[in-house]
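> If you want the building blocks of each chain, they are given just below.
Number of protein chains: 2
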Amino acid sequence: MRDGTDIQMPLWLTKRAALTPERTALASGGGNMTWEDLESQAKVTARRLAKLGIGEGDRVALLMQNGPDMAVVIHALPFLGAVFVPINSRLVPSEIRWQLADAGAKLLLYDLPHRETAETAAETEVLSWDRLASLKPAEGPLRSHLHLGELHTIMYTSGTTGRPKGVMLSYGNHWWSATSSVFNLGLDMNDRWLVCTPFFHMSGLSILMRSVLYGITAVIHPSFDPAAANRAIREDGVTIISVVSTMLAQMVEEQGGRGYPDHFRCMLLGGGPVPKPLLERCRDQGIPVFQTYGLTETASQIVTLAPEDSLRKLGSAGKPLFPSELRIMDGEEEASPGQPGEIVVRGPNVTLGYWKRSDVTREVLRDGWFRTGDIGCVDREGFLFVLDRRSDLIISGGENVYPAEVEAALLAHPVVVEAGVTGVADKRWGAVPVGFVRVKPGEVVTEKELVRFCGERLARYKIPRRIHFVRELPKNASNKLVRRRLPELLEEKEEKR
Amino acid sequence: MRDGTDIQMPLWLTKRAALTPERTALASGGGNMTWEDLESQAKVTARRLAKLGIGEGDRVALLMQNGPDMAVVIHALPFLGAVFVPINSRLVPSEIRWQLADAGAKLLLYDLPHRETAETAAETEVLSWDRLASLKPAEGPLRSHLHLGELHTIMYTSGTTGRPKGVMLSYGNHWWSATSSVFNLGLDMNDRWLVCTPFFHMSGLSILMRSVLYGITAVIHPSFDPAAANRAIREDGVTIISVVSTMLAQMVEEQGGRGYPDHFRCMLLGGGPVPKPLLERCRDQGIPVFQTYGLTETASQIVTLAPEDSLRKLGSAGKPLFPSELRIMDGEEEASPGQPGEIVVRGPNVTLGYWKRSDVTREVLRDGWFRTGDIGCVDREGFLFVLDRRSDLIISGGENVYPAEVEAALLAHPVVVEAGVTGVADKRWGAVPVGFVRVKPGEVVTEKELVRFCGERLARYKIPRRIHFVRELPKNASNKLVRRRLPELLEEKEEKR
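Quick mapping for you: the protein sequence lines, in order, are chains Z and H.
Using UniProt numbering, you'd call the opening residue of the first sequence number 1 and step up by one each time.
Using UniProt numbering, you'd call the opening residue of the second sequence number 1 and step up by one each time.
Accuracy of the hints is not assured; some may be wrong.
Pairs involving identical chains hold if they fit within one copy or between any two copies, as the list cannot separate such chains.
Stated by the list, open to error - For lysine to aspartate or glutamate, the following EDC-like pairs were computed, each having C-alpha atoms within a straight-line distance of at most 20 Å:
{"id": "1", "residue 1": "Lys313", "residue 2": "Glu36"}
{"id": "2", "residue 1": "Lys276", "residue 2": "Asp388"}
{"id": "3", "residue 1": "Lys313", "residue 2": "Glu22"}
{"id": "4", "residue 1": "Lys356", "residue 2": "Asp58"}
{"id": "5", "residue 1": "Lys276", "residue 2": "Asp426"}
What the hints contain is simulated information worked out from the structure, not anything from laboratory work.
Bear in mind that the values here come from a model prediction, so they are computed numbers and not experimental data.
In isolation and in its complexed conformation, chain Z is listed as follows (with noise of 0.2 Å):
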């Protein structure tokens, strides 16, 4: 008896291409393709990767500005087989260097832009975008279909250990993602989703998956501007757009009280906690938010707020999508209502696991069930209330800053000993990282140096915004450094400022 194992399918590009092949695909400034096009294109640039011998289980890694040209290499990946592995654009050649090296990448395509970047960087081969298309194409069969459980993206992100991870997400992954989104969010033929958050981030690439699934157009920006996004959902027909919470604030600040027009459904609301006062003047201006709370690992939301419910639950993520489960875990009991503890979370959506990392991976899923590391509770009638991401991870202006990356960054400084790490609130940012150093004693550095120092290792949005040098750190009995003890020396310290 068939059990749903191993489901087969057509490619979904071809499927969408097939089904509505005059519809409009992708919007930008460079103008509209329909899916016939994208199809077109996405075969042609999948010769052309054929050419240089990318082929079945390579990973290809990625590093563009959002826009048509990346949208066609990602759906072109798939007809041969080979795996995503997208670069944040912000990361600095050493951080990309390590992921190429970690993901095994074949090779680093890159746009324009990031050619200094990408040529810094890579010891894999390296390709730009251009110099791709002038290739000639490949001949021979391209892949006419797929299976849910095979690998399609491997997304980096750091954690509580330092080193980033790679996220594994299964064709599956974003299959299912799509499905509990529309049985929550609807779907109307008409529908067009703003992107405006990138595509190297689960928002905007479950955005280009959601698109050629439900066939409706992925309206792209290259990147976000209140104004432009405003613009788009008052006159370029936008009816769902993904933000998070300083995008929101952004937004709301520039379309200074206008309200939207009706046909905008949806502000899909991501990327950690957000100030009350800006929801509630999201209610008071009639704007349809919804909140909603997923990582990585989920292949976007996982937790949403259903629209009869957000004035009642003000502040709330929601509820489990369709079909999936949560707990709220105190150690190894299921914490009762109300008590806050570790968000666990369980459904066909879950990642895979880490990319050549199960140990990792056997430590946070087990029995399907992902130990997110979040901390939260839920109320009696099973509404989530997100009350801290993972307890030292600082969300800056959206992007996840993960103290022990910053710190590992600092140690590598020749004179630094011990550093520490932790996030300090911020009225543009949300937050940003702020560190604490004890250097060698006898050896003395500047706080500029220091920065200076970490630009060569690491994305501008993680770099502490400032430095303070202290004679202890605090440690625990095993001498490991207790992160949410720094606030305490952050007050003292600022305090003499």
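Using the hints provided, position chain H relative to the given structure of chain Z.
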């Protein structure tokens, strides 16, 4: 690595009731029922069935009128892991008895209008809904989860071989069917889907499945009445309705060119060939008809005409839904565009196979490809045109009549030695069966007697409208009946009348 194998999830009704407890699940003449109420009633019903010893894997047959009670039982069975065996209420006791025995049903549950039939039919345990409702619910745990590969339904359908076969549909078949549909038709949280086709057919049952997955209301009419259906659209907020051609014709007639309100977005039309003038009339009146093709074996529609093509491709059933596939086979070769052949389909909504008929299953289901036995062709753009249901199938008022089954009934009469059945066009029902018999030399039987005789063995819609006595039936070299030549005989005979 997990590969989509054996996907587990919470029971659908429980999940739905947790997500949107206060939305309306069912609306009927008897009032509204919320998801919370439906879940609590389904659980009590499950506990009562448990009291009777119903448990894991047991087949429970239902002979009930469409309505909230039947919906409650259908939703109760998954709490026990029991399998739903719908019984067509138009069958006669001997037909029902056969299906109960074949399914190995542990219980036949019926409601008041079906008491006599049920009690006459059953050799298994029978119980009325009223009697069930008086039982004290059992204690003990109910199931909370399901696997998509598990068996949900055994639905009987006849075939070319005489005896009905039990089509096995898994939870996954229903799930994927609902997903396919939403990726095509879209979903609005205010959708209300009118059920006026029986729950014992896929058309009705699939609405119940979609309703629990989507969280929309199933508006249930006990039977089809064109005026009531039109009123439900005009006054009761119905946005979608599933119909067959004869129902559509009656609704259009009754509506009398008044047109439908804007909120009405889909007339989902299945169940066989549609007269082109009817489609043209709908087009002229702006009625949003979506033509579809599907079978019990595909858990409802598998091919549907997308909105943008409905005018251009009038009469086509459309393209295979995401993620299904379609082939037209001329023997073992794929037919070229425009060439007719057998319609063969593949997709995760395709049946697990026939209950206890692995021989037939192996014949029609290979590598996931299901041979429908229907004839069609695909044009250059990939649109399916269904030319003929299984060459010998008669579709009468949306019900399938299989000549072999009717012939078997005629042959059961002691003086009939040969019998052949074919369909003849009928203004009201689309088609009706007509029989040809050869009787033993020297014996005599009247048409009236044969009709009476069939009436004991066959549901009314299967009884031949006319029976002709012939000296021989068209046969091939191996002496097998050639049904497709019966119409010639018919012309001859009917002219003489």
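> Each of the hints needs a verdict: does it hold here or not?
Do the hints match the structure? See the list:
no., hint, in the structure
1, Lys313 <-> Glu36, "between (43 Å within a copy, 19 Å between copies)"
2, Lys276 <-> Asp388, "within (15 Å within a copy, 62 Å between copies)"
3, Lys313 <-> Glu22, "between (41 Å within a copy, 15 Å between copies)"
4, Lys356 <-> Asp58, "within (15 Å within a copy, 44 Å between copies)"
5, Lys276 <-> Asp426, "within (15 Å within a copy, 66 Å between copies)"
Checked against the numbered hints given earlier, this structure breaks none of them.
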